[in-house]
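Asks: So in full-length UniProt numbering, spot 210 of the sequence shown is number 210, and the numbers just go up one at a time.
Since the hints were derived computationally from the structure, they do not count as laboratory data.
Treat the hints with care, since some could be wrong.
Each computed DSSO-like pair below joins lysine-lysine, with the alpha-carbon atoms no more than 30 Å apart [as the list claims (entries may be wrong)]: (1) LYS97 <-> LYS142; (2) LYS208 <-> LYS142; (3) LYS142 <-> LYS98.
Restraint-style ranges between C-beta atoms, simulated for each label pair [unchecked claim]: (4) LEU210 <-> ALA114: 17 to 27 Å; (5) LEU210 <-> PRO116: 28 to 38 Å; (6) SER130 <-> SER96: 29 to 39 Å; (7) ALA92 <-> ARG122: 36 to 46 Å; (8) GLN187 <-> SER130: 37 to 47 Å.
These numbers were taken from a predicted model, which means no experiment stands behind them.
Beta carbons: idealized from backbone N, C-alpha and C, even for Gly.
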Amino acid sequence: MIKSHSLIDGVCVCLLESDFSSLKSHDLRKFSAVVLKLTLQVIGWKTDTHSHLGCVCVTQNSSQRTTGQQQMALSQITPTLFLSGADAPLNAALVSKKGITLIVNATLSHACPAYPGVECLRVPVSDLPSAHLGDYFDWVAKRIHGNCGGGTLVHCAAGMSRSPALVMAYLMRYRGVTLQQAHHWVQESRPCVRLNAGFWEQLLQYEKRLYGRNTVRVAPEPPPRTPQLARPQQQRGPLTLVPRSPLMSRAQVTSSASQSRRGSKTIKV
Numbered sequence: 001m002i003k004s005h006s007l008i009d010g011v012c013v014c015l016l017e018s019d020f021s022s023l024k025s026h027d028l029r030k031f032s033a034v035v036l037k038l039t040l041q042v043i044g045w046k047t048d049t050h051s052h053l054g055c056v057c058v059t060q061n062s063s064q065r066t067t068g069q070q071q072m073a074l075s076q077i078t079p080t081l082f083l084s085g086a087d088a089p090l091n092a093a094l095v096s097k098k099g100i101t102l103i104v105n106a107t108l109s110h111a112c113p114a115y116p117g118v119e120c121l122r123v124p125v126s127d128l129p130s131a132h133l134g135d136y137f138d139w140v141a142k143r144i145h146g147n148c149g150g151g152t153l154v155h156c157a158a159g160m161s162r163s164p165a166l167v168m169a170y171l172m173r174y175r176g177v178t179l180q181q182a183h184h185w186v187q188e189s190r191p192c193v194r195l196n197a198g199f200w201e202q203l204l205q206y207e208k209r210l211y212g213r214n215t216v217r218v219a220p221e222p223p224p225r226t227p228q229l230a231r232p233q234q235q236r237g238p239l240t241l242v243p244r245s246p247l248m249s250r251a252q253v254t255s256s257a258s259q260s261r262r263g264s265k266t267i268k269v
């Protein structure tokens with residue numbers, strides 16, 4: 001029997017020793033508990049063993065929850081500018097509490113909520129490096145800057161790529177900061193920010209247009225690793241490696257080679 005208890009700061013699952021009563025020996029029960037504990041540690045969950053109770057208490061690590069909570073949360077960039085994922089704008093009480101009067105929805109399919117006195121703009125861009133998010137940098141920045149009567153919420157699906165890029169473009173355009181400073185500004189408020197390579201490239205172009213220079217260099221992605229092949233015989237000159245066919249096992253290769261040697265004839269000259 002598995003008993004689970006929800007805690008305020010995580011999830012606790014208690015597996016009592018009696019739960020292993022169907023097993024044959026105490027050693028096997030102990031072994032099972034150890035295996036469970038090691039498995040949970042591998043996936044990043046904190047475990048505490050109480051020997052007098054014979055149980056394993058599992059508490060979700062706070063770092064495991066951090067990214068998910070950040071994606072759900074509303075991050076404040078300036079006193080009137082907020083950044084979030086797709087859930088925050090659906091919270092009418094939160095929108096009202098923050099005084100938000102403009103919502104920028106940088107998704108293709110998430111709904112724009114209809115609130116009295118709140119305008120919703122759609123930026124129909126997918127979270128792909130090939131998407132032309134840069135086409136909306138000026139338009140969105142002007143709308144944020146012009147929304148003097150209330151707060152602005154910029155969001156995408158997770159608040160990690162599209163919406164942070166739009167906010168960084170606004171900061172460069174109207175707050176007079178560089179791309180490096182804008183990224184640091186946004187990431188301090190929302191550590192889960194992870195822009196894709198295409199959006200970085202478009203922001204670099206935007207910074208170059210505004211300031212005539214770039215302050216950020218995006219490191220290229222490492223090339224894909226090639227599979228390790230059998231060590232070739234030492235020889236001089238260039239070497240061409242031919243991978244073994246995945247359809248033929250080592251035993252089949254050996255068998256084919258033996259049959260070839262038996263069927264061949266030796267001609268003496």
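Asks: Each hint needs a verdict: does it hold in this structure or not?
Replies: Hints versus structure:
no.	hint	in the structure
1	LYS97 <-> LYS142	holds, 24 Å
2	LYS208 <-> LYS142	holds, 19 Å
3	LYS142 <-> LYS98	holds, 21 Å
4	LEU210 <-> ALA114: 17 to 27 Å	violated, 35 Å
5	LEU210 <-> PRO116: 28 to 38 Å	holds, 36 Å
6	SER130 <-> SER96: 29 to 39 Å	holds, 37 Å
7	ALA92 <-> ARG122: 36 to 46 Å	violated, 19 Å
8	GLN187 <-> SER130: 37 to 47 Å	violated, 24 Å
In summary, the structure is inconsistent with hints 4, 7, 8 from the numbered list given earlier, while agreeing with the others.
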